[in-house]
Every structure is written in C-alpha cells, then in structure tokens.
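Participant: With the sequences and hints as input, model every part of the structure.
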Amino acid sequence: AQRVTQPEKLLSVFKGAPVELKCNYSYSGSPELFWYVQYSRQRLQLLLRHISRESIKGFTADLNKGETSFHLKKPFAQEEDSAMYYCALRSGNTGKLIFGQGTTLQVKP
Amino acid sequence: DAGITQSPRHKVTETGTPVTLRCHQTENHRYMYWYRQDPGHGLRLIHYSYGVKDTDKGEVSDGYSVSRSKTEDFLLTLESATSSQTSVYFCAISNSHLSNTEAFFGQGTRLTVV
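Top line first, the protein sequences correspond to chains A and B.
Residue 1 is where the first sequence starts when you use the working numbering, and the numbers rise one by one after that.
Residue 1001 is where the second sequence starts when you use the working numbering, and the numbers rise one by one after that.
One thing to keep in mind: the hints can contain errors.
[Stated by the list, open to error] Straight-line alpha carbon distances no greater than 20 Å define the calculated SDA-like cross-link-like pairs of lysine to any residue that follow: (1) Lys9/A to His1041/B; (2) Lys1057/B to Ala1/A; (3) Lys1053/B to Asn93/A; (4) Lys1057/B to Gln2/A; (5) Lys9/A to Val1088/B; (6) Lys1057/B to Ser1096/B; (7) Lys1070/B to Thr94/A.
None of these hints come from the bench; they were simulated from the model.
Facilitator: Here is the structure:
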C-alpha cells in the first residue's frame, strides 16, 4: 500500500536550534517525494522536491531509499519557520499526491 | 500565486442539504484535484480530473461527486451533507503528469455541517 507517515503531530523548538521533521513512506517503485508548507492563513505551497536536491529557506531533505525516509532538516530554526509541514508522495501518472498527517513546527523565541 | 480561487471561502449548512464548492483556475492546467484536510489525517484526495469531462475517484470519494464541463472550473458537490463532511476543502491544479511537477493549491473552503 502507498502511504506516507509523519510520526510527530507537533514539534516545538527554540530559535536557533536544529530541526528535523520526520517522514517515512511506503511505495512500490521509484518514489517522488515533496515537502509542502502551510503558513498561518496561507495556502499550501511547495517547499522542496527530492529530485531537485535543493535547499529552500535553509531546509534540505534527502531521500533514503534504504530507510524509506525523506526527513526535512534545518540546522538553525527561525521563528518564521513556524507552520504546518506536509510530506507528500506522488502516486501514478496523474499527479495525485498522498499526504502524511502533517507536523506543526513551533519555533519559540 | 497561481491563479486558482475557491468559492465560497466559508459555508455553514444543515445536514441533508446539497452543497457545491467551486474551484476556478486561470492557468489552463490540465489536472485538477479536490482534497479535504482533517486533523490527524493530513490531506486526502476526494476526486480528481485529468481533462474536461474526465474525472476519477480518490481515496475518500463516498458522498461526493464532481463535474468539469470546462478547463477552468472543477465543482465538488456534496449530495446530502453530513456532519462527517465538516472539513476544510482544498482544490489543487497541476500542469503535467510528468515527474517533478508542482501542484498549486487554492486558499481552501471551510465547510461546517450542523
């Protein structure tokens, strides 16, 4: 079965601390994985995609096929990073996304 | 922001009444999707469309129907609303079935069924 799991509902850290939001997936095939972010009162927007191997707003995510994980990391959290983060797996060739349950990141001053 | 708007933004309706949510895009994207967002479940796909008059079911399609009579509009209908359909509904669009393609989301519609 295709599935995305984000085990943490809430992650609370202090400003300047490292952040790791966990994401594990189940998929038979070559996965396409994304992180989407939803800031307060804003629409969901793409943060990064695994195939690009990019760093956006200081965030990175590496696909680990052995551990079936795509954890999101940032070395030094900022207050403006506070948001809901969703890991998503692209399913099939119609662009459908399977989302994890979401993790709320709270960065305290 | 991608040209995608949802209407209404908020709605309160009574159990048993029909409700239609509208998603309108100005990007001429082929694919359109309806998701619902619930605490503890993330976003779950209700229905999607891969072209005019071409639609298919998603993970949680029971109690919902959709229509796409033109490229820019994708309607979601709750035939007879139930309290379990109280949720935030998001429309999304995508331009391609190819890998690495980004999906763009609307602002969401908050629906309360009383």
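Participant: Does each hint fit the structure? Answer for all of them.
Facilitator: Against the structure, the hints come out as follows:
1. Lys9/A to His1041/B: Satisfied, since the Cα-Cα distance of roughly 10 Å is no more than 20 Å.
2. Lys1057/B to Ala1/A: With Cα atoms ~17 Å apart, lysine 1057/B and alanine 1/A stay inside 20 Å; holds.
3. Lys1053/B to Asn93/A: 18 Å, holds
4. Lys1057/B to Gln2/A: Given that 20 Å is the threshold and the Cα spacing comes to 16 Å, the pair holds.
5. Lys9/A to Val1088/B: 18 Å, holds
6. Lys1057/B to Ser1096/B: 19 Å, holds
7. Lys1070/B to Thr94/A: Roughly 18 Å separates the two Cα atoms, so the pair holds.
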